[in-house]
Structure formats: structure tokens, C-alpha cells
Amino acid sequence: MTTLNKEKLDSVTIRFVGDSGDGMQLTGNQFTSTSAMFGNDISTYPNFPAEIRAPQGTLAGVSGFQIRISSNQIHTPGDELDVLVAMNPAALKTNIADLKQNGFVFVNQDDFNPTNLAKAGYDKDADILTPLKAKYRVVEVPLSAMTVETLKDTNLTAKDKERCKNMFALGLMYFIYNRPSDVTEEWLRTKFKKKPELADANIKVLKAGYNFGDTIEIFQSTFEVPKAQIKPGTYRNITGNESTALGFVAASKIMNKDLFIGSYPITPATEILQELAKYKHFGVKTFQAEDEIAGIGSALGASFAGLLAITTTSGPGIALKSEFMNLAMITELPIVICDIQRGGPSTGLPTKTEQTDLLQVMFGRNGESPMPIVAARSPSDCFAAAIEACRIAVEHMTPVVFLSDTQIAIGSEPWLLPNLDALPKIKVEHHTDASTFQPYARNELLARPWAKPGTPGCEHTLGGLEKENITGKVNLSSGVHEEMTRIRAKKVENVARQLPATEIFGEKSGDLLILGWGSTYGSIRTTTEKLLSSGYKVGQVHLRHLNPMPNDLGAIAAKYKHVMIPELNSGQFNMLFRAKFLIDTKAVNQINTKPFNVSDLTRIAEEIIGGKR
Amino acid sequence: MTTLNKEKLDSVTIRFVGDSGDGMQLTGNQFTSTSAMFGNDISTYPNFPAEIRAPQGTLAGVSGFQIRISSNQIHTPGDELDVLVAMNPAALKTNIADLKQNGFVFVNQDDFNPTNLAKAGYDKDADILTPLKAKYRVVEVPLSAMTVETLKDTNLTAKDKERCKNMFALGLMYFIYNRPSDVTEEWLRTKFKKKPELADANIKVLKAGYNFGDTIEIFQSTFEVPKAQIKPGTYRNITGNESTALGFVAASKIMNKDLFIGSYPITPATEILQELAKYKHFGVKTFQAEDEIAGIGSALGASFAGLLAITTTSGPGIALKSEFMNLAMITELPIVICDIQRGGPSTGLPTKTEQTDLLQVMFGRNGESPMPIVAARSPSDCFAAAIEACRIAVEHMTPVVFLSDTQIAIGSEPWLLPNLDALPKIKVEHHTDASTFQPYARNELLARPWAKPGTPGCEHTLGGLEKENITGKVNLSSGVHEEMTRIRAKKVENVARQLPATEIFGEKSGDLLILGWGSTYGSIRTTTEKLLSSGYKVGQVHLRHLNPMPNDLGAIAAKYKHVMIPELNSGQFNMLFRAKFLIDTKAVNQINTKPFNVSDLTRIAEEIIGGKR
Amino acid sequence: MNATQQLTKKDFIAEGDVKWCPGCGDYSILSSVQTVLPTLGIPKEEFVFISGIGCSSRFPYYMATYGFHTIHGRAPTVASGVKMANPKLSVWMVTGDGDGLSIGANHTMHMLRRNMDLKVMLFNNRIYGLTKGQYSPTSEQGKVTKTSLMGSIDAPLNPVSYAIASGATFVARTSAANPKHMQEVLNAAAAHKGTAFIEIFQNCNIFNDGAFAKYLNKETKDSENLVLEAGKPLLFNQDTLGIVLDTSGPSPELKVEEYKGDSSRFITHNPNADSTTMAYLIGQLGIEDPSFPTAMGIIRQVSRPTYDEVLYAQENEAKAKKGEGSLKELLYSGEIWTVGAEKNSPEPV
Amino acid sequence: MNATQQLTKKDFIAEGDVKWCPGCGDYSILSSVQTVLPTLGIPKEEFVFISGIGCSSRFPYYMATYGFHTIHGRAPTVASGVKMANPKLSVWMVTGDGDGLSIGANHTMHMLRRNMDLKVMLFNNRIYGLTKGQYSPTSEQGKVTKTSLMGSIDAPLNPVSYAIASGATFVARTSAANPKHMQEVLNAAAAHKGTAFIEIFQNCNIFNDGAFAKYLNKETKDSENLVLEAGKPLLFNQDTLGIVLDTSGPSPELKVEEYKGDSSRFITHNPNADSTTMAYLIGQLGIEDPSFPTAMGIIRQVSRPTYDEVLYAQENEAKAKKGEGSLKELLYSGEIWTVGAEKNSPEPV
Ligand SMILES: Cc1ncc(C[n+]2csc(CCOP(=O)(O)OP(=O)(O)O)c2C)c(N)n1
Ligand SMILES: Cc1ncc(C[n+]2csc(CCOP(=O)(O)OP(=O)(O)O)c2C)c(N)n1
Ligand code: SF4
Ligand code: SF4
Ligand SMILES: [Mg+2]
Ligand SMILES: [Mg+2]
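Protein chains in written order, with the working numbering: chain B, 115 to 727; chain P, 115 to 727; chain E, 2 to 350; chain L, 2 to 350.
So here's chain B without its partners, still in its complex pose (with noise of 0.2 Å):
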């Protein structure tokens, strides 16, 4: 055994990319537990084949996840892979463009084969590896054979061996980035609890790749990133479709009501629903509809009904549920409806990341139609996010979205976990006097008040005919209609009045406001402190709250020679900004279905203040 020098360095993107069934997801998923664990701080972002289980080999079947680990507070997964994990021609073909010049790319030689080159689209009998000696480290591992190698005297089948042949690679990962693999073997047991030669054998093949990499004489030395200071506290890793979940059971709790959802399945938001399915002793109701109309009318039924209501669903859903939304926002019922994006449109790309169903949620309604837009900025950040939408809901009587995404969904980042008594306080009541009942009475929010089936004297009909104010009576005569427009405009105005002044980071005016919402976040972030540090006077706001946009932001807009809006869009936000402020705004838009780069963004950035966008 040799010892290698250990080389530090500040932060590592690795990507794990091979066939759907070659346990891409679970190799990420522990190689970032470790790393977690030990004390990096972490961004991860998966990525899903269209396909549930394409023919194996194929382009199509290729299933990727992509971690990063740092010494620094982190915010995004990387604009570029240190080490490719390729384990077969179709996943090196698709993914080493994204590997920067003289990175590391592993490949298990044992599938680059004839046969495995022609489903990948090369010539069967093409040399691939050898060109791109030139520009990366490529290091040829027998990764299949070692495997089999290994497990040679258990009594696995053939196809069970070769099915551990993941583990391999991540054991020779951790042995080149020292890590641990305790965190790994503890969770194979538990794992495999009821079939303990699963267990062994892939510990025994995870130890055989580390030791591989201590056997073998190609590193000069092995990398350390080490510890990063990370604010204390008790942390978790978590995607953002599980925090949204608990934000849900978590504001559920909070207003002590019991919490129903009314979803149909759909790709990338199907895990909440799944995800609150196991928390029927937290007084959870799921529903699994029919439809995403289906959906959306029984939350709203049950919200009639007293309860914590919500829908959750992805683009083309929305086009569904549009119908009721505004059914909502005009019978004046909290629902909270969740919108985790992917890219569109119609079918799309359902698989991939996007931002294009903010002008769809904002106005895909008739009529004049207002109401509330929360967006969630990282995975963890969904907690939060959607305990706001539910506390706007249920404060100010009206349907609420969440807007989310797939990076946020199935990504994944450490959680600080919150203080119980830190969570927000949520006011909620219902109306029981039956002597002072009026449907569309208001308060000073111009929140009706919510007074549930059950109740005696309070009887009284909703629906979707324009009704006047304070009683509740249908009314189609004009002033009535123009007075109940202005009051629904000005109750989802009356959301900002109730909004702490508006976060700035970095400085608070200077030459460039870099403004954002959702996803980008991470990405906006490390572009702005890469300006801060380069001496830019740069600040960022990034937005909760969509609509209504928050009071001070004109004003503080004001402050910056240029706005730069960044979207995974073609402009959505930026036109609604520009409309309100009359800023000539520089847009940055990308629709190719990835994050921002922040080497893309800091560049561009640089020509705006320079002058030259």
C-alpha cells in the first residue's frame, strides 16, 4: 500500500452517470451523505431519463447526478464536472462535454464493447477513449470484472454481481477524495436488512474499489476538501419536494388544522403527493384524483369545508386547474396550489428544469383575476416557502401558488433544521357568530371572513356568478362588478402591506442589482459574490414573493445604474418588472433546460456594468 500525498482544494464537482438500472441515483445520494456527514458543505442535482427504463445502453436510458462539495458555503451544484463517472459509452457520450479541460474521467472499460459502442450510436469497433486522452485524464477502470472478481466465492447471480458494480466505483471515489466509508456500509445493512448477503457483498465491493484505488498506481496524490464552516446546528439533507411537503405538514400543524390534498400524478411533483401520503397519523388526507380538475375541486371543497387545502401539480397540469383557480379566487377560499415546473411547452421536456409558467400562473385565468405567487428559491427553502403561501392563504382568504421546480424538486442541499418555536406564528379563525355573519363582510386586509359548513346560522351560498359585496348576494350590475374588481385587486395588494422590508445582499446600491426568483438563486448568488469580491458594486435581490411584487422594490431598483433579471425563461418576470417600473431591464434568459453557469453570468454581468450590453 502506498501513501499518496493528499492534496486540498477548496471544492469538487463529480458527476455519477451510467445506465438508469446501474444505481446512478443511490451512488450520488451516498458519496453526498458521506460528504454531508463529514462536514462539506453540498449541492446536488439529479437528472432523469424521459424514459422509465430505456432498452439498457441506450442514450435514452442514461440517468445522471451530479454532486458538489466544498470547504465554502455553496449554492449550486457547479458549472463544471472535476470528475466524470461514466459507465458506459451512452453516458460518456452524453455528459463528457460538460467535463472541464484536463478533468478526470473514469470509465468502466468492461462496457465499451461493440455492442455497447453501436447502442450509443459510435461505430462498434471506434476507439473513443484514446482522442480524448488529450484533453482529460482518463483513467480505464475494469469495474464490471473486478466486481465479479470480487463476489467470485458468493452465491450472488451473475446479474446480481454485475449489479454491484456501482458500489465499486464509489468506493474507489472515496478512497481519492478520503472518505469515510462508514456512513455508506451503515446504511447498506439497513438497506438490505432482510437479505444480508446483499449487504456484504456490496460492502465487500464498496472495500474492494477503495482498496483498488490504494493498489494502483496512477494518482500522483489523493484530494481533501475539507471541513467548511457551516452555520452549527442539526442538519438533513433534503430535495425540495420533500421540504415542501413538510412545509405543509409543518404549516398544517401550526394553524392546528388538518391538512387534505388533492392532486393527480404528474412528473415533477408527484413525490409531495406521495410524500404526504405517509403522514396519515398527522391527520394528512391525500387524495389521489381523478384528474388535476379533480384535484383542485376537492381542495377547494375541502377548504369550503374548514380545512387546509391544497393541489399540487406541474405545468400542463395548471392548464387544468385554471378553471377552478379562479373559482377560488372569486368564492374567496385559501387553497394553496403548487406549480413545480419543468419544461414545457405542452409535454415538453417533462424531465427537465424551467421557469416558464410564471405568466401562466399569474394570468391564465378570464377575467380580471389577481392573486398571491410564492416562489421557493432552493430545496430546502421549500419549508418556508410553503408555509408562507399557506399563511397568505389563510390570512388573506385567497388561493395562493407556489411556484417551484425541477432542479428544486429533485435536487437536494443540507437543511439546517429549524427551531420549533422560531416557525412562523399563522392567524386563522372561524367565523362562528351567527348574530354578525356576513359571506363578504372584510377586514382590514379585505379578507372575508371563513365560516365553515356546520356552523349554525351562518349559512350562505358561494359561487361563481359576481356577487356584491358584504352579503354575498349574486349581482351582475356594474358598479357592483366594478367595485368587487377593485377589491379583489387591492386584497392581493394588501399581501405586500404585511411583507418585511425586501432582503438586499451585497451592496445596497452601486452599479448592478442582479434580481432573481426560484431556481436561480444559487447560481445568482455565487455571481455575486464573485463581483463583490472582484470590487463590483453589485447587490442581489432575490424574490418570495412574485405578486405581489414588494413595495419597496422600486425603490430600491432605483438605487443600481442597471438591473440585470436572469430567468430559465424567454423574459417572464422581466416583463412584468418592466411594465410596473418602466426600467430598461438587461435580460438574461436561457431555455436549455440547465441551470445558469456562473462563469455566464459573472461575464455578462461584467459587460453590463462595462457598458457593453
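Calculated directly from the structure, the hints in this document are not laboratory data. Check each hint, because a few of them may be wrong.
To be verified - From the derived model, a few chain E residues whose C-beta atoms are all more than 12 Å from chain B:
#1 194
#2 219
#3 246
#4 257
#5 298
As the list claims (entries may be wrong) - Straight-line distance between alpha carbons at most 25 Å, and here's what the computed DMTMM-like set of lysine to aspartate or glutamate pairs gives:
#6 566(B) x 289(E)
#7 644(P) x 212(P)
#8 341(P) x 194(P)
#9 273(B) x 210(L)
#10 367(P) x 18(L)
#11 275(P) x 299(P)
Built from N, CA and C at the ideal position, the CB exists for glycine as well.
For this one, chain B is given, so just place chains P, E and L with the ligands on it according to the hints.
Chains P, E and L with the ligands alone, transformed into the frame defined by chain B:
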């Protein structure tokens, strides 16, 4: 018989109002036809109750028809009424506010009894007419009694007799405004061809009403609205929905393609389907679908199969169609989606007018989903707008939204019938050459080829997943999506390349540009005329194309000090315009279910020019 | 105060005008419902009426109970949500042949197969009333309307068969023209646990007058109505005729035979049979083949756990097993680790 | 060139990879369809395949015909539009138990009652495949999935009964595991004029493996499959058992009896009966009550004018009556008047 002076008037606005069962629509229509054939310019606006037939005499059951006749060119049915004919207390109550000071109000005094007063929400013993006399010229006519008296020798049932009373009112109006009654007599004979006794009775009553005016001595003079200077040609009175239907039939004839309409009934769009159902001998295929989704789905299928395909609905139906609109967009198939806007939000005010669906049709879809939008400006203009929508759809291979609204749809005006040779040409071609076929190849407009199933060798599969250019193969990779998003946007922008220079009415530069679209045309045109004749430097642009906007619009707007954008919504087009041009427009918004008053618009325009707004 | 004992019809009449056309069949249904409700022993505040869009769907505005006039075709979804949120409520749904069977038939079907505990009244006037007279899914083939000038091409749907095939546990047919029968059916529906589906023949005198005339005309009503009674043979025409299942041919066939007191030959009505087959058969009578009379009354009534019942049973079981959920435990679960202030090394807990 | 004579299976295989999971039942259906199509005498360019969304709905991409992968649950609407636009085309629709019976059951029903001339294949794997394993409307009650951790509460829908109650003119059931039977059914469907609805049992080996095992296992398959043949008695289990309708009790009841050569006691299968009752009964067998075998084959097949047929017949009738429409006449109709240049007075024409 006395001979009275004939006082000449430029223009008169009359509103007939009564119970739904009183035949007010029919009365108004007769006054319209007679005046049109006499040679006046006319403009009308019916106002239906939301109920089918609310209990007789109630406020909910009031039905009205407003007509303005003029010896000049007019564009609106008038701000204020010169004459109100009110058949019962409910009709009086809900309409009197629109009568101008010193205007005539004719009431059927027989209906002002305690029962009917109570039904209208008055004290049953109240004297409601006397107080009105201070402000208006109240004429009490025993309409019912006189009608029954006139028919006492006929064999009609009491009910049938009573039903003729609208003809008494009409006859009286014919007398006062010096109209001949022959057009109506002719019409009655045709209508009651099978029941000549009813024709006779109605004509008798019509004449009795006429003679009554001649007999009683309450008028100092009768009135005459001389013929207007009208463009020579053949005319026909037409509602917007009728002219929309004719526009689609014409487009189908122009392209030599059968027309398919898949629709689900909804107010105020239903009549388009009902009209088209009459034209089977034109090869029109009407399909009453089970819902709005099936309506557009069937139309999209018909388009795929090579027909000219449309679907019609109103705001609530658009919500349901939007998922399919998106599929039409990404598959680049031509269909026209007609949104006949009504009062929203939600079920809203189903029988009232509003322009509040623009942003819904513009943005109500997931992903980036651009789509051309054309708007009709008046009943007769629907014909040309419908043809233009079809032209864009098939020449650019795209779904197109056609916007109209209640005011246009049910309002009517004389239509100068087009010269058939002057109808626009529409280029449409089906790809048939298998050897050159690529489903997503593009021409200079970026339109892809339209190859119909049944064409040998051009087999291809469309779908909602992202696909690559030229080949149309499903491809979810990042570069492809970016390219296709750009192409789809560019393709819609290209529509503007084909448009003629934007027409400006009035001054080509100056103090104020009034920019509008849709049914506000008449009010804005009249306002502009008034301002111009007062010497203001004002121009009017009324847009046919809302998306894309004409390429010269920015340059035009820049030539005026102010841009005023009146809309019957909260400023929807205004937002699009501001975001695009960063011009500090003056939005004028009204959401009270009524058209703009010219006097309001004029006042506001003067304030803007004078710097008071 | 025990509110339920004192309830009368008047308690259920909402303030304000009823706005249906004079002569509309809807009035009679409204009156029957208002007659039955006070007798059910349910406090007024526990009734909720939910509807879609259509003339029929204006119903909730005329009831002095909780109500929700929703959107076209979607009432089953809202009603289901209300019931799941609070199973104590007595939830009634009103829909029309357009609302419930054209745009909304999917929700109708899913509601029925789930057996949500809801009382569903489908006002069948075989026309779209509110949009002024287009044919509906129950309009007869060949019907001439504004959108079918040469006669409608669509074959009509039989709401009863549809409900049975959807797994309904209670299916009945009655007529707005027969308030007594209607009230009996409403009472039985109210007593049923599960979705009670009632098709109500209702005359739209404006756009489809006389659609059900043959069931009402003196001359034909005896031969056209087959009034069902559980446990009794299928007899009609003043008990002079009855329905038999003839198995003498290769495939069993239905026939009308004269009744002369020998009830054993005739099919006995058993709405409680597990199998849906006989209910399906009875529901088709007269509709599929007009040479038979049409069955009026309770066609099927079986017992099966309701959706809301099982939903809460599962919730209670989960609570019993895992205890009431603790938020703290939930958040602090999974693989968590602590970054300490003193001990600077992260450690898994 | 007479293209139709030379067609082979290969002509229907699209370029590019088929992307279903290895082992998926969909492959067998694809292959069967590609086997049957070239034998039908229809030119390749006249086939159109239309689907919704789901694993099953990827089908059109794998066919070298015209195709349209539409949106979730809405394929019937697009297919109907294609057929109405061009009745010459042979239009095939592919859907799943989620696509066609959860979100899309309304369109399924209306398509069936209209009898559009379409061939409809519903791939029933009793699960949502594409969204990775949630229960569907055909999943059995109590099924544990990611969204029903304590067992699904919904009662399943029987696609065949649903189709029959919807007025379908052709209803069949077959299995992807039995290509020969499947191809026979596909051939019959192709020959039928009207909507031909085929439920195909299809195994999703990833999320619902073995859902149809009892129909395939050596030990149980004889007693679980009732293979239908027109004109033959309902026999199964190698012709040792059969199904009778027992009318000895008050209500007729189905029973299984031993078969000993006396076929008259047993129900004869007549898919062509006008009445839907026996078809409904046969479709329920085994599904409603598992003590019976499940019927496989053509359950109902009757003739009724198709929607597209009548649509064009009406159009032709209108043209015959009124002549081909003239645009000039149409525009210049109604009450028109001319404002002359010379004669300055308007006059009606
Ligand atoms: C989404 C939507 N589509 C269409 C309509 C128009 N619409 C209102 S009621 C109705 C049909 C009602 O028919 P039915 O349910 O039979 O009720 P009825 O009026 O006959 O009682 C339609 C098509 C609507 N309000 N909303
Ligand atoms: C409007 C909409 N809602 C939901 C989805 C998500 N979705 C895709 S396929 C599917 C279910 C498919 O089930 P099934 O029809 O049984 O097809 P299978 O995959 O089992 O063949 C769902 C819910 C979607 N694509 N679009
Ligand atoms: S239109 Fe028909 S159904 Fe509607 S209220 Fe009038 S009579 Fe009743
Ligand atoms: S998930 Fe199931 S149905 Fe879908 S392709 Fe895989 S095996 Fe087939
Ligand atoms: Mg109806
Ligand atoms: Mg399925």
C-alpha cells in the same frame, strides 16, 4: 289628424326595455332594419338577462335593446339615451339612469300596478313616475289596454293579444321618428306565414300604435333623422357572431377547403356554432363536442387531417382549451381558437361584455408558447378578422387566437358587403412529395410543411414532446430545445413581417395617440373625431394584431407626446405595450360591463393633453 | 335548543326570488327537497348543496343551507372534497344532463365507483337549458335543435346504466312530475350510506317541452311506467302485464307477458343483489327498447364501505399505530447530523 | 404500384429505438399490430395512430404510419376529429387504464356512444406506468402503491362494462400474453364499422408485475379464462364447466355447472344481440365476482350507423337539397339593401 312639424335631428338613441317575454330584441331589430333601409347609419347593442326567463316582472328578467340612428357616420350605440321605452317598472328602474336630462321615457302605464311595482322592488303603492317628471319627459301610454282593445274582434287568446303590445310601442316610435312601417309589415307576414291571423293582429297593432301617436296631442313635433351620407354599395345588418361565422365560411371557400368546427355551447360564443350548423351544403362540418377540450381536440385532429379547423368558446372555456392550444403550438398545426370574451372572472357575468381575456390567451399555457392573436373591432369587422386569422394559421402553420367580445358578438351594424373578388387570397399547400418530405423542414416564414394522412410516403408522427428541427424526431437535449424555442418565437414574430403599414386615423404625429383594440373601436373613433374637430393633434391606432404587434408600432407611438390606451379591463394590452416600449402610457380602464362613453374618453384625453393626468 | 326537531319546510327556503322560467320542472324538485329535508333529523347547518352550471345548478341559491355553485361539470369533485373534509355533513349534489353527463361524466363515474357518501340529483330534461336549447347526451337521436338542424347524430346515454356500470351502490329514477314518488326516493337516498344517484325526469317547458309526456299522458302512463317495489314482481299497466326472462332460446331474453296472478314466472325486483346484472337490465328497460315500460323507483341499493369512512379508518389506524404525529420528530428524522458550536466536528446523531 | 399487396410487417416498424422497459407487455402488442396491419388490404398511408400520454401512449412513435401522440386522456377527441375530417382513413387509438379511464373516461364514453369508426386499444396494466407506479382506476381495492400506502380505497372500474354502458358497438377483451388471440381480436376490430373497443391485459413488469398471473399460470389458466366463441355455449376449464342462468329463484342468477355434453342448459354466446344485457353480464364475469372465470374475446358486436357516416350523409343530403353553397349568395342574403351611387335612395333588393 294633426300635422306636426318635423324637427331634424342628427342622431337619436333609443332603448327598448321590458321583460324577457316582451319581445324587446325583436322590436329593436325592426327599428334597426327600418332605419337602415331608410338610409341612416346605425349602431345597436342588445343587453340580455343572465336568466333564461326569470319570473315575469322581476329585475333579473329585464331585457333591453339599444339602437342609435344617425345622419352621420357613427361608431357607437350612444352614451346616453334620448328615448327610453320601458314596458314595466323593473325595466324603468334598471335603465332610467342612462336617460339624458329632458329625454323621453315612454312607459306602459298598465304595467305600473302594485304587483309589478313590488316585483321590481318598489313599494307597491309608490308613485314612481311623478318624481321623474321633473327631470324627464314622461309619456304614459296604456299600451296593454290599447293593444287588447285593438284586437277585441279577433279570435286570439288573451295571452296572444297581450303579446302584440310591443308592436304598439314600435308603431308609436315609427310615428314619432317618421319611419315607414312597411319593412316591419313585410317581415311579420313572412314570420307568421303559417299563422296569418297572428300576422294580421301584429300589423293591426303596429298601425294602431302609429295612429295613436298621430292622434294624441302630446307632441309639439315629430322628429326626423335624415339619411346619412353612406358609402355606396349593398348592405346588410349583421351581428358579430353571424359575421364571424360568414368569415370562416368565406375563408374555407377561399382556400377551397372544408371547414370543421368543434365546439361546446357557451354564452356568448354559441351562435357561431349555431350559424355554422346551417351551412352543411358548404361542406361545413359542425361537431357539438362533450366539452371544450373535446371541441379543440377534434378541431386539432381535423387540422392534422387537412381541413380548415376552428373552435369557439368564451373565457371559461379557454382555460379548458389551453392544454390543447399548447399542443397545437408545438405540433405547429393550423387552427383558429375563437374567444368571445364575456365578463369574468370565473362564471362572472356571462351575458356582459369585457376585454379581460387578452393575457389569458397570450400567456395561459405552460412553457414558452407564443401564438398570434387577432382582434375584431366591430360586428361587421369580424368577417375580415376571421379570414385574417385563418390566413395566418395556414400560411404560418400555427394556432391563432381570434378575439371578439359580447358587445361585438351580439351587437349589430350595417355591413357594406364585400366584393368577392376583393377578398384576400390565402396560400395553402399540402406537401405531397415523399422524396423531399421532412415534417419540420421550414420555408422562409419558418412554417413547416402540412402533409395530410393519406399521402403516400409522408408518414410522420407528431406529439407534445420537444423535437428537433427538420426531422421532427423527439429530442430532449438542451441545444435542441433552445433552438426550437427560438424558432417558435421567431415564427410568430414573422407574422408581423407580412403585415401592411399600420393605419393611423387623424394626425400622424402630435399630442396624443389613442391606441386600442377590439370593441372599443367605436368609442375611440368617435372620441378621436371629436378631439380632431376641437383642433387637438390626435391620432388613433386600432390594432387588428395584438401578437405580434406591428413592427412599425414603436416608431408611430414615438411621434406623439402621450399614448393613451383605453381598455375594458385593468390594463392588459397596456402592460404588454409598456414592457415592450418602456413608454409611460396613460391607461384608461373600465370594468363595469359597459362600453366606454365617448364623453368620458374625450374628457380624459383633454386632461392628458392639458397635462392634468 | 334542539334545532332539528323544530325544522320545517320554510326553514329551507332561501330569501330572494327563484329565477327559473315559470312552469319549469325544477320548481317541483326544489319543493320536494325542501319538504323532505326537515324530516331527516339533521340540523339545518349540516346540509350542504353543491352544483355545477346549468339551470338546474342554480339550485343551491334557493336553499337556505350551505351551498356552492361551482363550475360546469365539476360538482362531484367539490362535493367529494367537502365530504372528505367533514364526513358529518349531509352533502347533496345537483347536476343536469349536460353538466353531469356531457362535460362532467368522468367525475360522475369516479365519484360513483368511490362510493363517496353523497346524495346526487341529476335533473334530466334532455336538453341544455341555460345555453338555450342545444341537444344533450340524453337527447334522443334525430332530435332537431339549434345545433342539430338535420337531427342529432349522437346516440343517447342512459344515466341509470351508466351509474350502474360505474359501480354505484344506490341508483334510482323518479320524475319531477310525481312529487310523492320523488319524495319517497329522496328519503331512501338520504338513508343510504354511499353515493345515492337519482335520475329525475324534469320538463324544460321552454326548450324541450313534453320530453316526458308519454310517462304522464293519461292514455300511456300505465303502459309506460314500471313502478318498482323491492321483493315484488315486475308488473305494470295496473298489474295486468309483467316482465319475464325467457330462457327457452339459446340466449336468455326479456319478454312482456300477461299477468294473471302467477307471480313466480315474473322477475322479482331485488335492488339489494350483489351482482349488478339485474339492475343493469331493469335500468335499460324502456330506454334501450321502447317496447318495454321504463322502470321508476330504486333500481339498485347495496351496501359497501364509503370512501370517506375508509379514509378516516385508515387515518385512525395510522394514529393508533404510530401515535399522533409530532412535528419535531418528523423534521428531525432521516439521516441527520449536528454541526456543534463547541465540538467542531460534525457528528451523526 | 399497388402498395397494399406488398406490405409486410417490416413496413410498419418505425426507425429508431423502442424505449419501453425490457420485458414490458407493450412489445407484444406492438408486434401483433404490426403483424395484422399489412394483411388488411389498406394502404400504409391511410393508417393513423393516435394516443394520449403514458407508456402505452408512446405507441405511435414506433409505428411507421401517420401518428399523433397527443395529451393525457384526450386521444378520443383528436381521433374523432381525424375521422370526421377524412372518413377514408383507418384510425387507431392507443390508450392506457390511466389515460383512457382516469383522466380521459369522459371522452372514451362519448366516443363510444357516438360510434365513431375508430379502433381503440386500451392497454390495461392496472397501474400508472409512466409516472412510476401509482394505482389506477383498474387497480384492485386495497392495492398498496406509493400513493396508497395503506391500500387503495377506490373500487376498480371494469372497462368492458363501462364500454357497454356507454353504448359501444364492439367490445372485446384479450391479453398481450396471447398474441394469437390478440391478433384474432384485432382482425375482427379492423373489420368492424364503428368504435371497436378492446381491453388488452398488459403486464407492467416494473411497477405491477404479475397483475394477470392467474390467467397465465399453468394451474389456474383453464379455470380462469372463459374463451368466447359466437354461437357456442359459455364453457371453460377444457370444456368441463359452463355457465348457466338459473331462473328457479325469484331473481335470475348465474351459476357454474359441470358440462356433460348437454349444451342447451348453458348460455349461448351471442355477441350480436341488440340488447346489451347479456353482453354486460358476460363482461362482468370474473371481474365482479372472482368465483367465475373471466371472458376473453369478442363480447359484443352489433351494427349501428357510425357518426362519420351520418355526418357525411347529412352533408350530402343538404347539398342535394340546396346545391353546393355559393359564397356570393350566402353573403348577399337576409335583408339587404343597396345605397346607390346614382339613385341616392337606399332600396331593398
Ligand atoms: C366551462 C363551461 N362551458 C360551458 C358553459 C356553458 N354552459 C352553461 S350550462 C350548460 C349546459 C347545461 O345543461 P344542463 O346541465 O343539462 O342544465 P340545464 O340548464 O338543462 O338544467 C353549458 C353548456 C359554462 N358555463 N362553462
Ligand atoms: C395533464 C397531465 N396530467 C398528468 C400527466 C402525468 N401522467 C403521464 S402518464 C400518466 C398515467 C399513465 O397511466 P396509463 O394510462 O395507465 O399508462 P401506462 O404508463 O400505465 O401505460 C400520468 C398521470 C400528464 N402527462 N399530463
Ligand atoms: S330554460 Fe328550461 S330548464 Fe331552464 S329554467 Fe327555463 S324551463 Fe327550466
Ligand atoms: S413502466 Fe411498465 S408499462 Fe411502462 S414501459 Fe416499463 S414495464 Fe412497460
Ligand atoms: Mg339539461
Ligand atoms: Mg397503465
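> Would residue 298(E) pass as off the interface with chain B, using Cβ distances and a cut of 12 Å?
Replying inline: 30 Å, holds
>> If we take the beta carbon of residue 219(E), is the closest beta carbon in chain B still more than 12 Å away?
In response: 40 Å, holds
>> Would the non-interface assignment of residue 246(E) survive a Cβ cutoff of 12 Å against chain B?
In response: 36 Å, holds
> Regarding the pair residue 367(P) and residue 18(L), is the alpha-carbon distance no greater than 25 Å?
Replying inline: With a Cα-Cα distance of about 43 Å, the restraint between residue 367(P) and residue 18(L) is violated, given a limit of 25 Å.
> With d taken as the least Cβ-Cβ distance between residue 194(E) and chain B, does d exceed 12 Å?
Replying inline: Holds, since 19 Å exceeds 12 Å.
> Does residue 257(E) sit more than 12 Å from chain B, CB to CB?
Replying inline: For residue 257(E), whose nearest Cβ neighbour in chain B is about 40 Å away, the distance exceeds 12 Å, so it holds.
> Between residue 275(P) and residue 299(P), is the straight-line Cα distance small enough, at 25 Å or below?
Replying inline: 17 Å, holds
> Is the Cα-Cα distance between residue 273(B) and residue 210(L) 25 Å or less?
Replying inline: 19 Å, holds
> Taken at face value, is the distance from the CA of residue 289(E) to the CA of residue 566(B) at most 25 Å?
Replying inline: The hint is violated at about 44 Å.
>> For residue 644(P) and residue 212(P), compute the direct alpha-carbon distance and say whether it is at most 25 Å.
In response: Roughly 21 Å separates the two Cα atoms, so the pair holds.
> Are residue 341(P) and residue 194(P) close enough, with their CA atoms no more than 25 Å apart?
Replying inline: 21 Å, holds
In summary, the structure is inconsistent with hints 6 and 10 from the numbered list given earlier, while agreeing with the others.
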